[in-house]
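Student: Required output: the full structure, derived from the provided sequences and hints.
These are the residues of each chain, in order.
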Amino acid sequence: MFTRILIANRGEIALRVLRACRVLGISPVVAYSEADRDTRAVQLADEAICVGPAESRRSYLSAASIISAALVTGCDAIHPGYGFLSEDDTFAEMTRAHGLTFIGPPPEVLERFASKAGTRELLAKHGLPTIPGSHGMLRDDPHALAEAERIGYPVLIKPSAGGGGRGMRMVRTARELQQAITICRSEARAAFGDDSLYLEKWLEDNRHVEVQVIVDKHGNGIHVGERDCSVQRRHQKIVEEAPSPAIDDTQRLALAEMAIKAAVAAGYENVGTLEFLVDGDGKAYFIEINCRIQVEHPVTEMLSGMDLVAEQIRIAAGERLSVRQADVRLTGHAIELRINAEDTAHEFRPQAGVVERYLAPGGPGVRMDSHLYSGYEVPPFYDSLLGKLVVWGPDRPTAIERARAALDELVVEGLVTNVPFHKALLESQPFLDGAFTTNLLDRVGAAAFLASTAG
Amino acid sequence: MTDRPTTPAVATTGALTRLADEILPALIARLDVSDLGELEVRHDGWRVRLRRSLEPRAVQAAGSAGTGHAAAPEAPRGATSPAVGYHLPNERTPVGTKVASGDVLGWVEVLGVRQEVVSPRDGVVGRSLAEAGQAVEYGQELVVIDGARRAPEPVPVPDVALSTPAVD
Chain G
1 MFTRILIANR GEIALRVLRA CRVLGISPVV AYSEADRDTR AVQLADEAIC
51 VGPAESRRSY LSAASIISAA LVTGCDAIHP GYGFLSEDDT FAEMTRAHGL
101 TFIGPPPEVL ERFASKAGTR ELLAKHGLPT IPGSHGMLRD DPHALAEAER
151 IGYPVLIKPS AGGGGRGMRM VRTARELQQA ITICRSEARA AFGDDSLYLE
201 KWLEDNRHVE VQVIVDKHGN GIHVGERDCS VQRRHQKIVE EAPSPAIDDT
251 QRLALAEMAI KAAVAAGYEN VGTLEFLVDG DGKAYFIEIN CRIQVEHPVT
301 EMLSGMDLVA EQIRIAAGER LSVRQADVRL TGHAIELRIN AEDTAHEFRP
351 QAGVVERYLA PGGPGVRMDS HLYSGYEVPP FYDSLLGKLV VWGPDRPTAI
401 ERARAALDEL VVEGLVTNVP FHKALLESQP FLDGAFTTNL LDRVGAAAFL
451 ASTAG
Chain Y
456 MTDRPTTPAV ATTGALTRLA DEILPALIAR LDVSDLGELE VRHDGWRVRL
506 RRSLEPRAVQ AAGSAGTGHA AAPEAPRGAT SPAVGYHLPN ERTPVGTKVA
556 SGDVLGWVEV LGVRQEVVSP RDGVVGRSLA EAGQAVEYGQ ELVVIDGARR
606 APEPVPVPDV ALSTPAVD
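Going down the list, the protein sequences come from chains G and Y. Residue 354 in our numbering is what sits at position 354 of the first sequence, and the numbering runs on without skipping anything. Add 455 to a position in the second sequence, counting from 1, and you land on the number used in our numbering.
Since the hints were made in silico from the structure, they are not lab data. Keep in mind that the hints are not guaranteed to be accurate.
What the hints assert, rightly or not - Cβ-to-Cβ under 10 angstroms is the rule here; a few derived chain Y residues that face chain G:
1. 538
2. 539
3. 565
4. 593
5. 594
Stated by the list, open to error - Beyond 10 angstroms from chain G on every Cβ pair, some chain Y residues (computed):
6. 547
7. 548
8. 552
9. 562
10. 582
11. 584
12. 602
As the list claims (entries may be wrong) - From chain G, some residues computed to sit far from chain Y (all C-beta separations above 12 angstroms):
13. 23
14. 115
15. 127
16. 137
17. 220
18. 282
19. 319
20. 358
21. 367
22. 398
23. 413
24. 448
25. 450
Note that the Cβ used here is the ideal one computed from N, Cα and C, for glycine as well.
Tutor: Right under this line is the structure:
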């Protein structure tokens with residue numbers, strides 16, 4: 001087991017990893033940028049080390065700085081959290097070359113699953129159904145048009161190197177495709193340094209359902225059930241819950257078993273998430289794998305009672321999985337609300353500034369994962385996630401009741417948050433019916449959605 | 456720019472004008488030709504303090520009330536670390552060396568690659584704040600640069616011909 005871990009991230013996930021370290025008796029060291037000197041994780045760490053300026057390219061994304069920080073503080077492993085360097089195979093390789101352990105999949109595994117198109121092909125071979133899409137990358141416009149014709153409109157243009165829904169565009173006609181493809185290419189080149197694009201059939205009213213898997217270095221794998229992340233805005237998740245209201249128990253089990261079987265067979269290792277789109281008939285299509293701990297992992301922790309981050313650290317150190325599949329018991333219902341510093345009423349515009357007052361909610365089944373404190377200043381350089389309100393109940397209606405009560409208790413003063421959105425969501429018919437689809441918010445528009453539930 | 460009188464009195468407009476137009480320019484000129492970092496004049500309850508800014512030539516005037524204190528903590532005045540790594544001082548710039556802005560005072564080794572520690576301004580190399588081989592973080596002050604701004608205590612200058620502002 002490790003003795004000292006460098007946490008190469010910020011915000012709530014830095015704090016989450018730090019807590020896992022404490023439970024495991026590992027000394028946590030936090031790497032931070034100049035803009036994050038006053039964060040909670042820095043305050044609670046055994047040691048904190050400034051790795052660069054606010055600009056993440058020169059701090060949280062600087063592989064050399066992060067590894068150097070781990071070396072000078074005597075760490076034996078690096079936890080990358082999510083985002084930043086968490087799925088960077090070059091960074092994982094560099095980490096290993098310096099005698100440190102990357103807490104995540106080994107570099108070979110990251111490399112194998114780096115390309116989305118390649119991953120779909122690989123996992124399709126291991127039995128996962130995939131969405132009809134283009135064969136390989138789009139070479140040129142005629143190729144794109146021919147492929148779109150074959151698949152059938154509407155189609156989704158996706159950058160191979162993208163993530164988190166960035167750079168994707170849905171088109172309904174050949175004309176739209178021709179216009180969008182040029183924009184997508186330049187956007188992908190600017191954002192990811194790679195302008196490879198591919199096409200996928202657009203499933204009109206789909207649900208996003210993902211399966212949590214854990215595979216140790218000894219080839220043992222378990223699934224920890226699924227999560228439903230259908231409440232999205234422009235492909236960004238806002239609310240996640242489990243179990244998914246979109247599928248029944250038979251479908252649920254079949255999906256999870258299919259996912260873990262394919263992941264193990266394809267050589268996946270560490271914690272990971274296999275994402276699926278589920279159509280109106282409950283049919284699931286594999287879309288991508290996330291080779292990291294995810295933002296929404298607490299949903300699964302609430303159902304399973306497991307500490308996924310601690311388990312991730314243990315298996316990265318070479319230990320065997322602490323539980324067998326038969327020991328995984330998923331009970332009740334959990335909902336996670338992402339509390340963001342953004343103005344829902346104005347196109348979810350991100351906010352920065354001082355949190356004048358912060359009070360976390362509590363009570364049975366209520367968990368607040370947040371790095372906030374009264375007086376904390378949210379810097380303008382990073383994402384707008386302020387925390388995650390996670391509630392558990394023996395059933396979905398109870399979980400929703402607890403979520404409402406917890407939201408009423410939550411106090412974040414000083415900057416605009418998306419709490420009003422969550423309050424509206426918890427009263428909205430599609431959500432109460434468990435019928436939310438991934439495109440619902442974008443189709444209705446956030447402002448109209450808020451207005452529709454106001455009365 | 457200037458102080459409130461320490462006695463509960465109010466300066467006249469004429470006195471303020473005179474201070475701004477005559478006295479301050481004279482003080483600035485004196486500070487400018489000196490090696491002093493800071494200059495303070497007290498007279499009849501008035502206190503005027505001048506301090507050099509980071510730019511070598513410019514001079515900043517700062518006044519503070521008798522009970523007041525110079526504002527927020529200042530940014531490091533010396534050379535800072537460009538990265539997280541191990542500190543290697545430059546043997547060719549020992550304490551006392553006159554340096555110009557941009558001169559290399561040492562390096563920080565990041566995974567075997569050296570990044571330069573440079574002097575942020577003209578001055579004289581002061582004491583080292585990190586030993587050779589010591590682990591340092593980004594932005595950490597490594598070498599003090601004396602001269603210009605480095606004057607820990609305000610130095611009273613009694614011979615300045617500062618006429619008393621009229622205090623009623």
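Student: A separate judgement is required for each hint: does it hold in the structure or not?
Tutor: Hint check:
Interface restraint check: residue 538 of chain Y against chain G, minimum CB-CB distance 6 angstroms, threshold 10 angstroms, status holds. Of the supplied interface hints, the one on residue 539 of chain Y holds, with its beta-carbon coming within about 5 angstroms of a beta-carbon of chain G, less than 10 angstroms. At about 5 angstroms, the closest approach between the beta carbon of residue 565 of chain Y and any beta carbon in chain G falls short of 10 angstroms, and the interface hint on this residue holds. The closest approach between the C-beta of residue 593 of chain Y and any C-beta of chain G is roughly 5 angstroms, which is under the 10 angstroms cut-off, so the hint is satisfied.
The beta carbon of residue 594 of chain Y comes within 5 angstroms of a beta carbon in chain G, closer than 10 angstroms, and the hint placing it at the interface holds. Against the 10 angstroms criterion, residue 547 of chain Y stays outside the reach of chain G, whose nearest CB is about 25 angstroms from its own CB. With a least beta-carbon separation of about 23 angstroms from chain G, residue 548 of chain Y lies farther than 10 angstroms from that chain, consistent with its non-interface assignment. At the 10 angstroms boundary, the C-beta of residue 552 of chain Y stays outside the reach of chain G, the nearest C-beta of that chain being 27 angstroms off.
No Cβ of chain G approaches the Cβ of residue 562 of chain Y within 10 angstroms, the least distance being about 13 angstroms, so the stated non-interface status holds. Taking the minimum C-beta to C-beta distance to chain G, about 22 angstroms, the non-interface status of residue 582 of chain Y holds against the 10 angstroms cut. At roughly 15 angstroms from the closest C-beta of chain G, the C-beta of residue 584 of chain Y stays outside 10 angstroms, upholding its exclusion from the interface. No Cβ of chain G comes within 10 angstroms of the Cβ of residue 602 of chain Y; the nearest lies about 27 angstroms off, and the non-interface call holds.
No beta-carbon of chain Y is positioned within 12 angstroms of the beta-carbon of residue 23 of chain G; the least distance is around 27 angstroms. Residue placement check: residue 115 of chain G keeps its beta carbon more than 12 angstroms from all beta carbons of chain Y (closest about 28 angstroms). The claim that residue 127 of chain G is not at the interface with chain Y holds, since no C-beta of that chain comes within 12 angstroms of its own (minimum 42 angstroms). Distance check for residue 137 of chain G against chain Y: the nearest CB is about 34 angstroms away, which clears 12 angstroms, and the non-interface claim stands.
Every Cβ of chain Y is farther than 12 angstroms from the Cβ of residue 220 of chain G; the closest lies at roughly 35 angstroms, confirming the non-interface assignment. For residue 282 of chain G, the condition that its CB be more than 12 angstroms from all CB atoms of chain Y holds, with the nearest at approximately 51 angstroms. Even its closest Cβ contact with chain Y, about 29 angstroms, leaves residue 319 of chain G beyond 12 angstroms, as expected for a residue assigned away from the interface. Listed as outside the interface, residue 358 of chain G is consistent with that label: its C-beta sits roughly 24 angstroms from the nearest C-beta of chain Y, beyond the 12 angstroms cut-off.
Non-interface status of residue 367 of chain G relative to chain Y is upheld: no Cβ of that chain comes within 12 angstroms, the nearest being about 33 angstroms off. Interface exclusion of residue 398 of chain G from chain Y stands, the closest Cβ pair being 48 angstroms apart, more than 12 angstroms. Under the 12 angstroms C-beta cut-off, the non-interface status given to residue 413 of chain G relative to chain Y holds; the minimum distance is some 25 angstroms. With a minimum CB-CB distance of about 46 angstroms to chain Y, residue 448 of chain G clears the 12 angstroms threshold, and the non-interface call stands.
Every C-beta of chain Y lies more than 12 angstroms from that of residue 450 of chain G, the closest at about 41 angstroms, which supports listing it as non-interface.
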